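S.K.: Spelled out, the chains give:
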Amino acid sequence: MSLALSTLLFEWRRYMAAVMALALSGLLVLAMTGVFIGIGKGFTATIERSGADIFILQPGAKSLINGPSGVPRRFIPLAYNHPEVIEVMPLDGAGGTFQNIKDVDPTKSQADNASQGAPRQKFVQASIIDTRPGSVTIPTDYSQELVDALRQPYTVAVDETALSTLGVKLGDKALYNGQTVTIVGVTRGYPNMMQPGVVMSRDTLRMLGQADTGPRVGPLMVKLRDPARAPIVVAQLNEMGSGQWKAWTKQQLAEANAGAMFEEGILVIIIGGCVVLGIIIGVAITWQTLRGAIMANIKEFASLRALGVGMGSLRRIVVELSFWVGVVGVFAAIFLTWLVSLLAMAGAVIIALPFSLLLVVGIGLILISMVSGLLSLGILKNSQPADLLR
Amino acid sequence: MNDMAFGHTKVHGKHGDFAIEAKGLVKRFKSGKSWVEVLKGVDFDAKHGDLTMVMGPSGSGKSTLIAALSGLLRPEEGRVDALDVDDLWKYSSGRIDKFRLDNCGFIFQGFNLFPALTALQQVETVLKFQGLSSGQAKTRATTALEEVGLGHRLHQRPAALSGGEKQRVAIARALAKDPKILFADEPTSALDGENGQVVIKLLRRAATEHGAAVICVTHDPRLEAWADRVIHIEDGKILDDQRRIPDPNAILASH
Numbered sequence: 001m002s003l004a005l006s007t008l009l010f011e012w013r014r015y016m017a018a019v020m021a022l023a024l025s026g027l028l029v030l031a032m033t034g035v036f037i038g039i040g041k042g043f044t045a046t047i048e049r050s051g052a053d054i055f056i057l058q059p060g061a062k063s064l065i066n067g068p069s070g071v072p073r074r075f076i077p078l079a080y081n082h083p084e085v086i087e088v089m090p091l092d093g094a095g096g097t098f099q100n101i102k103d104v105d106p107t108k109s110q111a112d113n114a115s116q117g118a119p120r121q122k123f124v125q126a127s128i129i130d131t132r133p134g135s136v137t138i139p140t141d142y143s144q145e146l147v148d149a150l151r152q153p154y155t156v157a158v159d160e161t162a163l164s165t166l167g168v169k170l171g172d173k174a175l176y177n178g179q180t181v182t183i184v185g186v187t188r189g190y191p192n193m194m195q196p197g198v199v200m201s202r203d204t205l206r207m208l209g210q211a212d213t214g215p216r217v218g219p220l221m222v223k224l225r226d227p228a229r230a231p232i233v234v235a236q237l238n239e240m241g242s243g244q245w246k247a248w249t250k251q252q253l254a255e256a257n258a259g260a261m262f263e264e265g266i267l268v269i270i271i272g273g274c275v276v277l278g279i280i281i282g283v284a285i286t287w288q289t290l291r292g293a294i295m296a297n298i299k300e301f302a303s304l305r306a307l308g309v310g311m312g313s314l315r316r317i318v319v320e321l322s323f324w325v326g327v328v329g330v331f332a333a334i335f336l337t338w339l340v341s342l343l344a345m346a347g348a349v350i351i352a353l354p355f356s357l358l359l360v361v362g363i364g365l366i367l368i369s370m371v372s373g374l375l376s377l378g379i380l381k382n383s384q385p386a387d388l389l390r
Numbered sequence: 001m002n003d004m005a006f007g008h009t010k011v012h013g014k015h016g017d018f019a020i021e022a023k024g025l026v027k028r029f030k031s032g033k034s035w036v037e038v039l040k041g042v043d044f045d046a047k048h049g050d051l052t053m054v055m056g057p058s059g060s061g062k063s064t065l066i067a068a069l070s071g072l073l074r075p076e077e078g079r080v081d082a083l084d085v086d087d088l089w090k091y092s093s094g095r096i097d098k099f100r101l102d103n104c105g106f107i108f109q110g111f112n113l114f115p116a117l118t119a120l121q122q123v124e125t126v127l128k129f130q131g132l133s134s135g136q137a138k139t140r141a142t143t144a145l146e147e148v149g150l151g152h153r154l155h156q157r158p159a160a161l162s163g164g165e166k167q168r169v170a171i172a173r174a175l176a177k178d179p180k181i182l183f184a185d186e187p188t189s190a191l192d193g194e195n196g197q198v199v200i201k202l203l204r205r206a207a208t209e210h211g212a213a214v215i216c217v218t219h220d221p222r223l224e225a226w227a228d229r230v231i232h233i234e235d236g237k238i239l240d241d242q243r244r245i246p247d248p249n250a251i252l253a254s255h
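Going line by line, the protein sequences match chains F and H. According to our numbering, the residues represented by the first sequence are 1 to 390, in order. According to our numbering, the residues represented by the second sequence are 1 to 255, in order.
Rather than coming from a laboratory, the hints here were simulated on the basis of the structure. Hints may be right or wrong, so weigh each one.
Partial list, derived from the structure: chain H residues whose beta carbon lies under 7 Å from chain F [said to hold, decoys possible]:
| hint | residue |
| --- | --- |
| 1 | Leu101 |
| 2 | Phe108 |
| 3 | Phe114 |
| 4 | Leu117 |
| 5 | Val126 |
| 6 | His210 |
| 7 | Val230 |
Okay, derived cross-link-like pairs now, BS3-like style, lysine-lysine, Cα gap no bigger than 30 Å in a straight line [stated by the list, open to error]:
| hint | chain 1 | residue 1 | chain 2 | residue 2 |
| --- | --- | --- | --- | --- |
| 8 | F | Lys381 | H | Lys201 |
| 9 | H | Lys138 | H | Lys98 |
| 10 | H | Lys33 | F | Lys299 |
| 11 | F | Lys62 | H | Lys90 |
| 12 | H | Lys30 | H | Lys90 |
| 13 | F | Lys62 | F | Lys223 |
The model shown is predicted, which means the values in this text are computed figures rather than measured ones. All residues carry an ideal CB built from backbone N, CA and C; glycine is no exception.
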C-alpha cells in the first residue's frame, strides 16, 4: 500500500472534513439533478417499466417528452413485418380533471356536511394499459389482480402517493372529466410530484372519449421474442423504415427522457448554480484540509527530503493523496445521496440517479479534490530538512 | 594517515579514504538587522570507516555545518567535495537530492516517522524511492530492521514503539540505503542511557562494518568513547581535532 493511501486510512479523521466537503458538494449536485430527472421519470415510469423492448417514434423526436412523437397508424402493421416482433401497441394517454366525491348525507346538518371539506378537483395525467394478459403496455411490476381489476370498464388505479392529493381511497368512486370511475387499484412506486397520475385500460379511455381512434396514434411500443436482441432489431427496424420512423431501445429512450428535462433553461441555471457552489465549497474546504494535513506531517516529509527524496516525489505523494480523498468523497457522496433519496421516496419525491450522472459527478469530485491537492502543493516548500537540524 | 589527504575523494572509499572534504565554509544568518556568522571559514573532512564526532555547545554551528556538508543548506562561501563529486554546491538542487538519495543517510534528534506506516513500511518507502522493486525493498528493509534488533517489531506503527525503538527504525531507514555517508544530529539526546547506548553502538557498527563515514553531531561528552575522531567547534570555528582509539565496549551511564 502506498504512503498516501496508508496515511489517508490511518489518519482518516484528519481528512474527514475534506471527504465531507466533497460528499456534500456531490450531494448538492446529485440531489438537485436527480430530483429534476425524477420529475421526468414520474411522467414516464409507466412506459419505461412496460414490457416494451423497442419504441418507434417520429424521426425528429428527441425523447418521449420533447418533439413530435406520434406516428401514423399504418406503421403498426409495418412494424409487424419484422419477424422477431411479437406485439405492437400504440402508446396512449390523456389529461383530465379528477374530482373526489364526498359522501353527502341528507339527514345531517349542513354544517356537518360542510365539515368534510369541499370536493377536491385536480388535473391528472391518465396512462393506459392493455388488459390482455402479457400485453406490451403493462408495466412488468403490475400484479395480475391489478390488471384484472382494470379490465372492468370505468375503473382506474392510483399510486399510493397520490391518494391524499386526490382525496380518495381504494374502492371510492370519483369523477374523471365528469364521468364516474371507481378506484380499483393502488400502485406502489409510481410517484409523480408534479401532477398525480391515474392508470386505466385503453378501453376505459376510449369509453371516456379520449382514446386515439383516428389515423394518428402515439409512439409504438414493440415487444420482441428475444429482448436481448433489441439493439440489433432497432438497427434493422430503422433500415426497414427508411427514414419514416426512428426506433429506440428502451434504454436509449429512458436516457433521452432523463436528458429532456435539461432542455428547460431554468433547470440548467439552477443546476449550473449548484455545480458552481459545489466546486467552490469543495475546493475551498478540501484545499484547506489537505494543507493542514500535510503541515501535520511536514517533519516526516522533511526527513524524506533529507534522505534524498526529491520535491517531485513529494508532490506526487500529495497529488495521490488528494486523488484518494476524492475517491472516498465520491463514495461518501453516493451513499449520502442514496440516503437522501430514500428519505425523499418516503415523501413521494423521486431522486433518479442514472449511472451516467453518478459517473460525471464522480469524476467531477475527483477533479475537485485533485485541484485542491495541486493548490496545496505550495505548503511542501515548508518541508525544509535543514529545519530538522536544530 | 592524514598525509594521503587533499586529493579529491574517491568512489566507494575503503576505510581511511576521504568521504567528504569541505574548505572554508562560511554561513551567515540574518538576525534582526544584522548578520550573524555561524560558520567562520570551517575546514572539515571525514573518512570512510570513521565515526567522526562534532561536539560543541548549542549555537556553536555544528548543525549548520552538517547541513552545509550534506547539501541541505547552501553556504555563502567555501566548497564541499563529497565522494566523487567535486564541489557539491555547484550541482542543481535536483542533483543534490539525487546525490543524497544514492549516498547519504540521516538520523535526527526527533525520529520523524510517518504515523501511518509500520516500521517495515517506513524503511521500504525510502528504498522504493531509490528505485528498488517492492520485493527487494521488503527484503532489504527486513534485514536492516533485524540488524537494529527490531526483527520482532516489523509491523508496529510508531505509536506502538518506544522512543529507543523509534530511533532504531529511523536508523534502519538510514542504513537500509547502505549509505556511504551517514549524518546523525543529536541522535541520542531524546533517549535514556540504555537506548542511547544501543544507538551509538549501531552508529559505531555502521562505520566499522559498513565502511560508512559517520558524522555525528552531539553535545553529549559521554559519546566520545566510541569515536575515532572528535572535533570541537565553538562560535563557528573548529577549536581542536583529536584522533583517538574508540572503545566499542564503552558503557553509556544512565541519565
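S.K.: Take the hints in turn and mark each one as holding or not.
M.R.: Quick rundown of the hints versus the structure:
no.	hint	verdict
1	Leu101	holds, 3 Å
2	Phe108	holds, 5 Å
3	Phe114	holds, 5 Å
4	Leu117	holds, 6 Å
5	Val126	holds, 5 Å
6	His210	violated, 16 Å
7	Val230	violated, 19 Å
8	F:Lys381 with H:Lys201	violated, 35 Å
9	H:Lys138 with H:Lys98	holds, 22 Å
10	H:Lys33 with F:Lys299	holds, 29 Å
11	F:Lys62 with H:Lys90	violated, 67 Å
12	H:Lys30 with H:Lys90	holds, 23 Å
13	F:Lys62 with F:Lys223	holds, 21 Å
When held up to the earlier numbered hints, the structure conflicts with 6, 7, 8 and 11 and fits the remainder.
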